[in-house]
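S.K.: Sequence:
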Amino acid sequence: MAQGSAAMAAAAFFALLAVAPLLCAPAAAELVRLEHLAKNDGSLSLLVVGDWGRKGTYNQSRVAHQMGKVGEQLNIDFVISTGDNFYENGLTGTDDQAFEQSFTDIYTAKSLQKPWYLVLGNHDYRGDALAQLSPVLQKIDSRFICMKSFIVNAEIVDFFFVDTTPFQLKYWTHPKDDHYDWRGVAPREKYINNLLKDLDEAMKKSSAAWKIVVGHHTMRSVSDHGDTKELLQLLLPVLQANGVDFYINGHDHCLEHISSRDSPIQYFTSGGGSRAWRGFFQPNEDKLKFFYDGQGFMSLQL
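Using mature numbering (1 follows the signal peptide of the UniProt record, and there is no 0), the letters of the sequence shown map in sequence onto residues -29 to -1, 1 to 273.
Any given hint could be a false lead.
[Said to hold, decoys possible] Result set (EDC-like, lysine to aspartate or glutamate): computed pairs, CA atoms no more than 16 angstroms apart in a straight line: (1) K81 <-> E126; (2) K10 <-> E43; (3) K85 <-> E59; (4) K81 <-> E43; (5) K176 <-> E256; (6) K10 <-> D48; (7) K200 <-> D152; (8) K161 <-> E201; (9) K85 <-> E6; (10) K85 <-> D112; (11) K10 <-> D67; (12) K176 <-> D48; (13) K26 <-> E1; (14) K258 <-> D233; (15) K110 <-> D67; (16) K182 <-> E126; (17) K168 <-> E1.
Bear in mind the hints are in silico, worked out from the structure with no lab data behind them.
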């Protein structure tokens, strides 16, 4: 993948008050691949938001309003969610009213009536994780396309959506008072090994000009959660071996762009969809290109 030769128009963060700042893929099988056509001129525009589902509170509705404005300006093709779609404990089932209260009733702008491609976050796993993967939700709101790990091919770019919650060992060994829905995941080691194998094979087959990985958990971050060691140990080598350009995540409730010390991969955090973590800032050896500890989202044009 040529980092400098591909034509990327912009990757900009829009911060609140500063704007203008199916089915689950089997654990051991080829990743589900969806096709999403780019525009007639070959370009692609999208928004990325994470950590949002709070029934409009913590400025979720205000972020959604700004997303609608920017989405219209950019004529976006779709929206990506980096997970933690429903707080605090995911959905209780496919009939949980939180689905409409936190999604359908919030993202009402005309420009946001496009496909939403979503991964699960750790808070989603604390409820009925399989509910978010159910086609029942698509009958309620056809925009909602959520799987554990899958691929979206948009011609010039392949997006690889990765289920990162099972990588975090502490969720298995020290869950505290939280319950995690590991159906279809346990045993952990086998699930992760199969996922990494499937991901590596899919990336090697990719002929797209850009390769972008989307997960919930941070790989590089200067905010509260910091780097995720399990992802650095297990997932990062696959990304490096296959010329991945961007890793995009949520989990830390902020907006970041980090240029890593150990590879050309660019790391973007978009986890400001509702409640923000103001004041959490822990600089490290990585090159920090952007940081905002408030609410917001990310736009991407290719």
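S.K.: A separate judgement is required for each hint: does it hold in the structure or not?
M.R.: Status of each hint after checking the structure:
no.	hint	result
1	K81 <-> E126	violated, 25 angstroms
2	K10 <-> E43	holds, 15 angstroms
3	K85 <-> E59	violated, 26 angstroms
4	K81 <-> E43	holds, 8 angstroms
5	K176 <-> E256	violated, 33 angstroms
6	K10 <-> D48	holds, 8 angstroms
7	K200 <-> D152	violated, 22 angstroms
8	K161 <-> E201	holds, 15 angstroms
9	K85 <-> E6	holds, 14 angstroms
10	K85 <-> D112	holds, 11 angstroms
11	K10 <-> D67	violated, 36 angstroms
12	K176 <-> D48	violated, 24 angstroms
13	K26 <-> E1	violated, 35 angstroms
14	K258 <-> D233	holds, 11 angstroms
15	K110 <-> D67	holds, 14 angstroms
16	K182 <-> E126	holds, 11 angstroms
17	K168 <-> E1	holds, 9 angstroms
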